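Undergrad: Here is what each chain is made of, one letter per residue.
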Amino acid sequence: MTNHWADIKFADVIVVMGGNAAEAHPCGFKWVVEAKAHNNARLIVIDPRFTRTASVADVYCPIRPGTDIAFLNAVTKYLLDNDKLHHEYVNAYTNCAFIVKEGYGFADGLFTGYDEALRDYDKATWDYEIGPDGYAMLDTTLQHPRCVMQLLRKHVEPYTPEMVERICGSPKDKFLKICEMIASTCVPDRTMSSLYALGWTHHSKGSQNIRSMTIVQMLLGNIGMLGGGMNALRGHSNIQGLTDLGLMSNLLPGYMNLPTENEPTYDSYMRTRHFRPLRPGQTSYWQNYSKFFVSFAKSMWGKAATAENHWAYDWLPKLDVANYDVMRAFELALDGKMTGYIIQGFNPLMTFPNRGKVNAALSKMKFVVVMDPLQTETARFWQNHGDYNDVDTASIQTEVFELPTTCFAEDEGSLSNSSRWLQWHEAAQPAPAEARADMEIMAGLHRRLVDLYKKEGGAFPDPILNVNWPYELAESPRPDEVAREINGYALTDITVDGTPIAAGRQLEGFGQLKDDGTTACGCWVYSGCFTERGNQMARRDNTDPGDRGIAANWAWAWPANRRILYNRASCDPQGRPWSERKKLIEWNGAKWVGFDVPDYGLTVSPDKEVGPFILNPEGVARLWTRALMRDGPFPAHYEPFESPQTNILAPKIQGNPASRIFKRDLAQLGNSKDFPYAATSYRLTEHFHFWTKHARVNAILQPEFFVEISEQLAAEKGIVKGDWVRVWSARGSIKAKAVVTKRIKPLMCEGGPVHVVGIPHHFGFTGTTKPGFGPNSLTPVVGDANTETPEFKVWLVNIERTTAPVGKPVA
Amino acid sequence: MTDYTSLDIVQRSASTEQPPTVRTKTEVAKLIDVSKCIGCKACQSACEEWNDLRDDIGENIGVYDNPQDLSAKSWTLMRFTEYENTGGELEWLIRKDGCMHCSDPGCLKACPSPGAIVQYANGIVDFVEENCIGCGYCVKGCPFNIPRISQEDHKAYKCTLCSDRVAVGQAPACAKTCPTGAIMFGTKEAMIEQADERIIDLKSRGFENAGLYNPAGVGGTHVMYVLHHADNPELYAHLPKNPKISPLVQLWKGGFKIFGLATLAFATIGGFFHYVTAGPDEVPPEEEEEAADAADHHP
Numbered sequence: 001m002t003n004h005w006a007d008i009k010f011a012d013v014i015v016v017m018g019g020n021a022a023e024a025h026p027c028g029f030k031w032v033v034e035a036k037a038h039n040n041a042r043l044i045v046i047d048p049r050f051t052r053t054a055s056v057a058d059v060y061c062p063i064r065p066g067t068d069i070a071f072l073n074a075v076t077k078y079l080l081d082n083d084k085l086h087h088e089y090v091n092a093y094t095n096c097a098f099i100v101k102e103g104y105g106f107a108d109g110l111f112t113g114y115d116e117a118l119r120d121y122d123k124a125t126w127d128y129e130i131g132p133d134g135y136a137m138l139d140t141t142l143q144h145p146r147c148v149m150q151l152l153r154k155h156v157e158p159y160t161p162e163m164v165e166r167i168c169g170s171p172k173d174k175f176l177k178i179c180e181m182i183a184s185t186c187v188p189d190r191t192m193s194s195l196y197a198l199g200w201t202h203h204s205k206g207s208q209n210i211r212s213m214t215i216v217q218m219l220l221g222n223i224g225m226l227g228g229g230m231n232a233l234r235g236h237s238n239i240q241g242l243t244d245l246g247l248m249s250n251l252l253p254g255y256m257n258l259p260t261e262n263e264p265t266y267d268s269y270m271r272t273r274h275f276r277p278l279r280p281g282q283t284s285y286w287q288n289y290s291k292f293f294v295s296f297a298k299s300m301w302g303k304a305a306t307a308e309n310h311w312a313y314d315w316l317p318k319l320d321v322a323n324y325d326v327m328r329a330f331e332l333a334l335d336g337k338m339t340g341y342i343i344q345g346f347n348p349l350m351t352f353p354n355r356g357k358v359n360a361a362l363s364k365m366k367f368v369v370v371m372d373p374l375q376t377e378t379a380r381f382w383q384n385h386g387d388y389n390d391v392d393t394a395s396i397q398t399e400v401f402e403l404p405t406t407c408f409a410e411d412e413g414s415l416s417n418s419s420r421w422l423q424w425h426e427a428a429q430p431a432p433a434e435a436r437a438d439m440e441i442m443a444g445l446h447r448r449l450v451d452l453y454k455k456e457g458g459a460f461p462d463p464i465l466n467v468n469w470p471y472e473l474a475e476s477p478r479p480d481e482v483a484r485e486i487n488g489y490a491l492t493d494i495t496v497d498g499t500p501i502a503a504g505r506q507l508e509g510f511g512q513l514k515d516d517g518t519t520a521c522g523c524w525v526y527s528g529c530f531t532e533r534g535n536q537m538a539r540r541d542n543t544d545p546g547d548r549g550i551a552a553n554w555a556w557a558w559p560a561n562r563r564i565l566y567n568r569a570s571c572d573p574q575g576r577p578w579s580e581r582k583k584l585i586e587w588n589g590a591k592w593v594g595f596d597v598p599d600y601g602l603t604v605s606p607d608k609e610v611g612p613f614i615l616n617p618e619g620v621a622r623l624w625t626r627a628l629m630r631d632g633p634f635p636a637h638y639e640p641f642e643s644p645q646t647n648i649l650a651p652k653i654q655g656n657p658a659s660r661i662f663k664r665d666l667a668q669l670g671n672s673k674d675f676p677y678a679a680t681s682y683r684l685t686e687h688f689h690f691w692t693k694h695a696r697v698n699a700i701l702q703p704e705f706f707v708e709i710s711e712q713l714a715a716e717k718g719i720v721k722g723d724w725v726r727v728w729s730a731r732g733s734i735k736a737k738a739v740v741t742k743r744i745k746p747l748m749c750e751g752g753p754v755h756v757v758g759i760p761h762h763f764g765f766t767g768t769t770k771p772g773f774g775p776n777s778l779t780p781v782v783g784d785a786n787t788e789t790p791e792f793k794v795w796l797v798n799i800e801r802t803t804a805p806v807g808k809p810v811a
Numbered sequence: 001m002t003d004y005t006s007l008d009i010v011q012r013s014a015s016t017e018q019p020p021t022v023r024t025k026t027e028v029a030k031l032i033d034v035s036k037c038i039g040c041k042a043c044q045s046a047c048e049e050w051n052d053l054r055d056d057i058g059e060n061i062g063v064y065d066n067p068q069d070l071s072a073k074s075w076t077l078m079r080f081t082e083y084e085n086t087g088g089e090l091e092w093l094i095r096k097d098g099c100m101h102c103s104d105p106g107c108l109k110a111c112p113s114p115g116a117i118v119q120y121a122n123g124i125v126d127f128v129e130e131n132c133i134g135c136g137y138c139v140k141g142c143p144f145n146i147p148r149i150s151q152e153d154h155k156a157y158k159c160t161l162c163s164d165r166v167a168v169g170q171a172p173a174c175a176k177t178c179p180t181g182a183i184m185f186g187t188k189e190a191m192i193e194q195a196d197e198r199i200i201d202l203k204s205r206g207f208e209n210a211g212l213y214n215p216a217g218v219g220g221t222h223v224m225y226v227l228h229h230a231d232n233p234e235l236y237a238h239l240p241k242n243p244k245i246s247p248l249v250q251l252w253k254g255g256f257k258i259f260g261l262a263t264l265a266f267a268t269i270g271g272f273f274h275y276v277t278a279g280p281d282e283v284p285p286e287e288e289e290e291a292a293d294a295a296d297h298h299p
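So the sequence lines, in the order shown, correspond to chains E and D. Here our numbering is used: the first residue of the first sequence is 1, the next is one more, and so on. Here our numbering is used: the first residue of the second sequence is 1, the next is one more, and so on.
FYI, nobody ran anything at the bench for these hints, they're computed from the structure. On a predicted model such as this, the values are computed, not experimentally measured, just so you know. Using N, Cα and C, we set each Cβ at its ideal position, and we do this for glycine too. Some hints could be false.
To be verified - No more than 25 Å apart at the CA atoms, straight line, and that leaves these computed lysine to any residue pairs for SDA-like:
id: 1; chain 1: D; residue 1: Lys176; chain 2: E; residue 2: Asp547
id: 2; chain 1: E; residue 1: Lys337; chain 2: E; residue 2: Asn309
id: 3; chain 1: E; residue 1: Lys745; chain 2: D; residue 2: Lys203
id: 4; chain 1: E; residue 1: Lys177; chain 2: D; residue 2: Lys203
id: 5; chain 1: E; residue 1: Lys174; chain 2: D; residue 2: Gln68
Unchecked claim - Over 10 Å on every C-beta distance to chain E, these chain D residues come out as not near it, computed from the model:
id: 6; residue: Lys36
id: 7; residue: Ala42
id: 8; residue: Arg205
id: 9; residue: Leu261
id: 10; residue: Asp281
As the list claims (entries may be wrong) - Listed next, with one range per pair, are the computed distances between beta-carbon atoms:
id: 11; chain 1: D; residue 1: Leu7; chain 2: E; residue 2: Asp480; range: 49 to 57 Å
id: 12; chain 1: E; residue 1: Val720; chain 2: D; residue 2: Ala265; range: 55 to 63 Å
id: 13; chain 1: E; residue 1: Glu412; chain 2: D; residue 2: Gly219; range: 28 to 36 Å
id: 14; chain 1: D; residue 1: Thr86; chain 2: E; residue 2: Thr787; range: 42 to 50 Å
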């Protein structure tokens, strides 16, 4: 979230789209209820199903799954056509005036530079026109045909309310009513909060879904404002921590990149990471990249990383492909190229696309290690459970190791929530039986590998033998020891801005990091979480002195304990709050002061004209994103890879033209004739993924797998509520009970009525609930063009009435 | 579940003794604001956990309601209703079902077992299972169809309004757990004030008939609802519009009881008098025979 949970109570309009906040986040949702009860806020829900969030909304609008960009680009068009912008904000704080170089364009659904064979773009034309002074050129009159504002107008031209009806099936009157409500927040005194989650990210154009709302929020001036923002509601309690620490295959901690094989030296790696300002005087904070990177290297390799060996750059793996994401991993496994897999705290058999492919891949591996506190289907992928897991056990040679781990209540450590708060928690009870903390298991594995390498040598032992391992007990590092490493500390006596810091002392923040090897820091954005004053994450003072929903001494937020990102944008260029009612910070003549840590140089005066978006080389927010996204600098409507309808705006294009799809998965895509209905998958309030089916109380609340269909589809198929139904796709087949409901209605789109089939997660063949299936038995192996997050939110299925599945009792 | 002393009891089933009136207690109430409820079932979960209940794991019969009905082991239940309103818009009405803790409780009136059902001065109606004979009259007597008889011990069970928690100054488990504050707890007066605020807000959002459900027919209740459509409570999974104790129960425990007792008394007294006056005049058949024999044998 750019803002945070409690901030939502200050919103005047809340849009829940691309998520189901009440069901997925019942506790966080209290802030929406507060906003309605005490701020007269209005709640808008846009969703293929009328959810429990919709049940408390002021307006609900249906939408065909996978068409959010069409809807939101049409909102942008509405705002531009009706002049509902926060003009001063847009002019001063976005790149609306930047001129784009000649050669950039968009036609027939494609941006310039597309290579169909590679499914990729040559993005050379996606940049600003640079002037003789080396800076990007502007036209502040916004008339230049190639200025971003004019390009934006042109880009959203086709997205009329009529087009929304044709593509999304959303009724025009509902759409326009929503536009009016959204537009009401273009004035400084009113803000809108966008709450979204997997309903946007689990698409082959997920990143662009989010982008399309970001554009709306920038035009309205809602970024950096109280009750505003782009608010991603994360799933797992520490999924934010996972992404912050760079646990994606192509990242390093703190959102730095793992080098690729095209960057064989440290110099070649840094060459594209200078992030020089694109406008005079801008901060462009990523210019400090080398400080973050070198400090990280020192925390990884300790003394072994030196200036001479370029901070042990050679010891970092170099990516030979863009991403070793989960879909690639299973593609490799199926080809026999990945023969072992350590599965730590997830359940691929039920959560990765195309379960049949996952099962086949697991069956081919030599060994699989499952680290989990609970019994998972993955650990039992080889076991025949009748219809629920119809495998030939005798033919599977994979050796499966189960290493029981602690669960969160038996662990000490921090959890990073959606609000970017790092909250430290203690263990409530010790681990049962043989279960061990994940950290202990990983440390154990690491120490044994080190011993083996020392004894037997190997192809390249250096990175493993030289990992910095400064823990009191090598086989059992303590969470606080790791937290201190992540915060960062001085390696020798140093001086920062005149302040001396003794060797070994914890640092106060990333502002103290150096690129000369004198500081170490595991994750620069977390620097400040564990200082000389102690564990900031363990603080529990919930005083909110400004009555802004900001308790600055409750836990610790990254970065720098800042609670609302981009809060400089809450003031005008002169440093006065746009709205006194929504004041966050202000310039007092000498420095920035207020209720939150300013997201800006503390003493940088307004007359210096430094933009509020200090991470961007432009200094301003990007309506048009240059070459930063693989599939385009503007969001364009693309159909899902399996769709009941062709792309009206670009009929020749299937799916997202820049999404990667492996040949065997392309061959397994279904067509709308065999599979006429649009399925979507989602989560229920009563369960958390595949954990709570093991808990009796949760099982009582939602005992059995079901699918949801409209009364109309049920009537067509002769299905009555409670019947057994079979749902199948080009990849698999499942059985479920039918919930027949008014909450799903056929969507009247261009090609005719589109029926949505809703398929929830949570059920499998282990646990206390009745055995069931997951939607992943049916979904295609294709994901977002930027992140490879799989497309779980829309694909094609067929449905019929059937008999109950037959299980097989297993000892 | 009585953690109260006898001084707190203001009514007791099947008893005619005058209850104590020396001690006073403020009436409490639980306010369920259906417009804030997101149907998450945390309340169901909290009730199971607090009361150490574990109901059976059922199956999905095509709805979100789980379990399908209240039971001796599920004292509260979210009931989901899909309603297409007069404007053609869909509403998903989700109501938390459970004991209403009536001021004039039908269960207590119908119960034939002394002290099996009690009402405290604060308004809570509690079952005292050790005095329960499992006859099921309370189920018939309840205008809301709430109490359920256990198959295991043949006692009646229902929501206790967490009388044990309230006795030590805590809110009921469901109220404490509710993530959106849809369930509030406090004095009845404070809850009515809360409700007034909520109704103003609902009316501003187009719910012209929003109101408080606190039915007079049972003397008012200590569990109240804020409803979007207070003019039509039946929409919410058959919440009765004008609940009152069934006239059968009223009669059975009222007029019929007096009539029955009077009949019993009359029959007893009548029988006594009949014996005293007419009984000794009757000659038993054996003596008749003996007399006939004696007459035959004496010429």
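Undergrad: Does each hint fit the structure? Answer for all of them.
TA: Checked hints:
1. Lys176(D) x Asp547(E): holds, 24 Å
2. Lys337(E) x Asn309(E): Violated. Lysine 337(E) to asparagine 309(E) sits at ~32 Å, over the 25 Å cutoff.
3. Lys745(E) x Lys203(D): violated, 28 Å
4. Lys177(E) x Lys203(D): holds, 20 Å
5. Lys174(E) x Gln68(D): violated, 35 Å
6. Lys36: violated, 5 Å
7. Ala42: violated, 7 Å
8. Arg205: violated, 6 Å
9. Leu261: Since the minimum Cβ distance to chain E is about 46 Å, leucine 261(D) lies beyond 10 Å and the statement holds.
10. Asp281: Since the minimum Cβ distance to chain E is about 72 Å, aspartate 281(D) lies beyond 10 Å and the statement holds.
11. Leu7(D) x Asp480(E): 49 to 57 Å: holds, 54 Å
12. Val720(E) x Ala265(D): 55 to 63 Å: Roughly 58 Å apart at Cβ, these two residues keep to the hinted range, so it holds.
13. Glu412(E) x Gly219(D): 28 to 36 Å: 54 Å Cβ-Cβ, so the 28 to 36 Å window is violated.
14. Thr86(D) x Thr787(E): 42 to 50 Å: Given about 45 Å between the Cβ atoms, the range holds.
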